[in-house]
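Each of the two chains sits in its own frame; use the hints to bring them together as a complex.
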Amino acid sequence: MKSIVIGVIGSDVHAVGNKIIEYTLENAGYKVINIGVLSSQEDFINAAIETDASLIMVSSLYGHGELDCRGMRDKCIEAGIEDILLYVGGNIVVGKQNFDEVKERFTKMGFNRVYPPGTPIDQALGDIHQDLGE
Amino acid sequence: MSTYLLVDFGSTFTKLTAVDTALRDVIGSSSHFTTVTEDIAIGYHNALERLYENMGKVVQFDQVIACSSAAGGLKMAAIGLVEELTVEAAKRVCLGAGAKVDLIFSHHLNHKEVEEINRQKIDIILLAGGADGGNSECVLFNAKLLGEMKVKIPIVYAGNKSCLDEIEDIFIKYDLNYVLCDNVMPKINVLNVKCARNKIRDIFLKNIIVAKGIKKIEAEIDEILLPTPEAVLLASELLSKGYLHEKGLGDIVVVDIGGATTDMYSICNASNRSDVIIHGMEEPFAKRTVEGDLGMRYSAPGILKALTKEEIQFLNNEHGVNIEEEVAYRYQNVSSLPENPHDEFIDQLLAEMCAYRAMHRHVGRIEQIFTPMGLIYNQIGKDLSEVEYVIGTGGVVIHSNTPISILSKTTNILHNHQELRPQHPHFLLDKTYLLAAMGLLSQRDPLLALQIMKKYVISVE
Chain A
1 MKSIVIGVIG SDVHAVGNKI IEYTLENAGY KVINIGVLSS QEDFINAAIE TDASLIMVSS
61 LYGHGELDCR GMRDKCIEAG IEDILLYVGG NIVVGKQNFD EVKERFTKMG FNRVYPPGTP
121 IDQALGDIHQ DLGE
Chain B
1 MSTYLLVDFG STFTKLTAVD TALRDVIGSS SHFTTVTEDI AIGYHNALER LYENMGKVVQ
61 FDQVIACSSA AGGLKMAAIG LVEELTVEAA KRVCLGAGAK VDLIFSHHLN HKEVEEINRQ
121 KIDIILLAGG ADGGNSECVL FNAKLLGEMK VKIPIVYAGN KSCLDEIEDI FIKYDLNYVL
181 CDNVMPKINV LNVKCARNKI RDIFLKNIIV AKGIKKIEAE IDEILLPTPE AVLLASELLS
241 KGYLHEKGLG DIVVVDIGGA TTDMYSICNA SNRSDVIIHG MEEPFAKRTV EGDLGMRYSA
301 PGILKALTKE EIQFLNNEHG VNIEEEVAYR YQNVSSLPEN PHDEFIDQLL AEMCAYRAMH
361 RHVGRIEQIF TPMGLIYNQI GKDLSEVEYV IGTGGVVIHS NTPISILSKT TNILHNHQEL
421 RPQHPHFLLD KTYLLAAMGL LSQRDPLLAL QIMKKYVISV E
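Those protein sequences? They're chains A and B, same order as listed. Our numbering puts the first sequence at residues 1 to 134. Our numbering puts the second sequence at residues 1 to 461.
For reference, chain B alone in the conformation it holds in the complex (with noise of 0.2 Å):
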């Protein structure tokens, strides 16, 4: 028997998940706002005492791993060529090894994009440009620039390899912290996420939580493993694949709505119908997005930003609240959680509109197209109609009331037949937060992972 301690190092709670592998369940987990400005340990100390309080006894773990989104999480920088090819396989590449994309350039930088990356304290720098034997122009002479503008930054070179010898020189020449990986788009629309992905993973671990003071707990811990997206997504996968002969769920989206962002995972193939052309850049298997300007707290002003005026009128009216003033309230007071009906009245709402704007951006698009030889359908994105559960998680999600609400907003409400959202999915619910401490089981005992996700995540019809 052996028993783990699953520890999510979040941006505002520390969350602790224990494991015991010969149960094959969850046998305590706790909670406490997370201490990073201060000292992390504080946070996971008091958030280990009440799990020790929650189980009645204090238990010595076998084995202690993290994954971590604290002090701001992963900050990247996506740097391509055209905004559609090498910038867009870029970003998911970021996206997808659970970093948030701050930055994201096209073309040849300028000083200024330079300055701005410097500026916004952007941990990693994803430097992309020119498929295999395409252009190396553009992307030799932004290497120059990061040099000559002295980026100290840790870059990661995933472009054109026919000029990879050059790359590397001028790297040398700079002294810049590098590393050299596939390109992310060697062909025209083929995405290659692999190799740049785990890079990203080894410089975040190595470097990354190191400055942001995270590492100090690591004598405690054994290991930190992932950035907590990165977990939400393999655990996703794992829910929806399965391991060996317990079957997963099939497809499935998986929302994941913050005080800061809104985060959407999709699981399933860009179509499985036979009757469309799909265009665009590849779409991978396993998809997340993040909008940045969607989420309950730090970013609640981008909820507002993203209705019009009349929207906003026809809301307050309709709700009879106001709706600027609640938001202004909530982006100051970025701790505060709802302490009566009116405020988790306003907090559902705004959950309703970051998951409906979420899957806005998320979801792919189908246009029907007369030609001479019929009709035809052109699809850009990923086709998630047949998806059979949406799953939610965060806060505002876990607590709400009627979550059934949020979660249906994810649907095709406005009967916006272009977009391909989920038709008649069954919604289920992160209820006890666990998805990104079992992304982390994933990594040692995937079937028990699958287990515990498949009995705790509930359903909520």
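Isolated chain A, as found in the complex (with noise of 0.2 Å):
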């Protein structure tokens, strides 16, 4: 069983999504480590090391994702886990912008699927089968 390390970035504490999407995950045979609400980097990389996991799935809703997401995959890359599987999704940008172009700055910063506002879970549930290989 792979994996997934999920849980809300930054000084953002909506936890309604990130429930729902530990329910699907784990409804699709995860092992689900959620780290919940006002996560930083850190606590999204230690959980990912100590429980040897596949993928961190980081939401933010309130627009600060770009800030909060920044430097992630260098961290990684320093925590000895470089070959993570990043994603990220929610309202990640503020205001309306053109999602090709926010998708194209979040994949520059290491992050290997990027979702845009109002995505469905089971949309990333595909993605998730296809990456991990189940």
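Errors might be hidden in some of the hints.
[Claimed, not checked] Examples of chain A residues toward chain B, derived with CB under 7 Å: (1) S11; (2) N46; (3) E50; (4) I121.
[To be verified] Some chain A residues well away from chain B (every beta-carbon gap over 12 Å; in silico): (5) N27; (6) I35; (7) A47; (8) E82; (9) E104; (10) K108; (11) T119; (12) G133.
In case anyone wonders, no lab produced these hints; they're calculated from the structure. Just so you know, these numbers come straight off a predicted model, no measurement behind them. Glycine included, each C-beta is placed from N, C-alpha and C at the ideal position.
Right, here's the structure in full:
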């Protein structure tokens, strides 16, 4: 069973979507480590190391996602989990920006998958199956 | 009717407390220097003679039970994977078992670190790493390295359960001295103390007290039950919670300032508020921290290290003393006791600094975060702001003329509102030094132990 670390990054306390993601991934047969709201990059990375996780899914709903996620891939490399998959989704930037540009910025930051607002979790689930090869 | 003799083989003093279960009271106490280097029995016999003198008669005790922190107490090395997770969990388990954690290692061990374990004469190694089902590569590497470097110290394995079989194979292959128990952190931020703590206690009682020459005394006493700090932790927990119809004191903090360490115990929930989000490793209800660099004699230099040059200068000017000289003297004369008001004043000053710093490291913190959803409180560690009693123990506090000024340093005197220190506690004193003894007695007669504590732990306001 592969492990996935999920949580809400930064000073963000949106807990509902977080619970839905946990529920969905668990039902899909994954081991979910939910570190909850108000989580720092280090919290995600530490949890991923201890649980030997294959994927970190970062949620950000309050518009500051870009600030909060910056440098996260570098920290993963530094922490010895350079191969881990990073997903991010939610309302990850402020205002109505062109999502292709947003996606490009997050991809450059080292995220493997970037989801626009309103993405159903089932869509991400398909990507997870594909990426984790299960 | 029965009589108990409760013995605490401390690092400096061997302390005796006699209890009569029919009178339901303490019937005598005494102490003598611990004589662990020649024969621990000498100090014990002298203390026993003094006890008989104090009581005016020779008594045959029905049960003699003891705790010990003599010969350096229980020295442990805690090994985990990530510093904030399994390393922290391993450290807390060691502290809860009454150990001093002399070495702390994270991630892959190296040769130097293993050599350090051997060099520092560690008594027990707690090897953790990985949540259950999580990382096993690191802990397997570490177990193998301990084997390759022929570490003969008992190892308590409390890491990822998924690689337990491989771990055991390694231990058997290298003929290591080991026990296996439940993971100290089975899930992220979940702390599992019990199994590892009990195994540590078993090893302490079976091996360590033999190695330290304390076992010899067991012919004369019935049983050595606990390491002293664990006895104090159990006593504190009992005093806080109560027993059956006998009410406890509620949330408490105990400060024990000794020659080598300052121990801080808090018995309360991590938080009673519903409007905070708590972060980090789960906090134990009965939590102990030990500051190995804060103490009145062996560790006096550590107090100065925690201060800046300006602060030392300020202290010297304010009080007309040379604190560096005073500290150096105490470090070189560890058995010195204050002889005049000046010595007492310096000891008081050092004790106040120990209490302040030790609480600084023990207590939780809260920060306000402004989010689009309003003001949010984020808490890390334990909230002690509603603690009702702060209890002082340890020679310097007990013998102080103004113990309250030491104990009050655990509160928020510098108005740093991020630190969740006790806000308006009452101050109590373990004047007759019986917390450890009552921790022992609580293993036999918890109600009596609680009643005695409530009688002798007195108010100092």
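Tested hints:
1. S11: holds, 5 Å
2. N46: holds, 4 Å
3. E50: holds, 5 Å
4. I121: violated, 21 Å
5. N27: The claim holds: A:N27 sits with its nearest Cβ about 18 Å from chain B, beyond 12 Å.
6. I35: About 6 Å separates A:I35 from the closest Cβ of chain B, which leaves it inside 12 Å; violated.
7. A47: Its Cβ does come within 12 Å of chain B, the nearest being 5 Å, so this is violated.
8. E82: holds, 15 Å
9. E104: Correct as stated: the minimum Cβ-Cβ distance to chain B is 25 Å, above 12 Å.
10. K108: Consistent with the label, A:K108 stays out of reach of chain B, its closest Cβ about 26 Å off (over 12 Å).
11. T119: Non-interface label on A:T119 holds, nearest chain B Cβ at 20 Å vs cutoff 12 Å.
12. G133: At roughly 19 Å from the nearest Cβ of chain B, A:G133 sits farther out than 12 Å, so the non-interface label holds.
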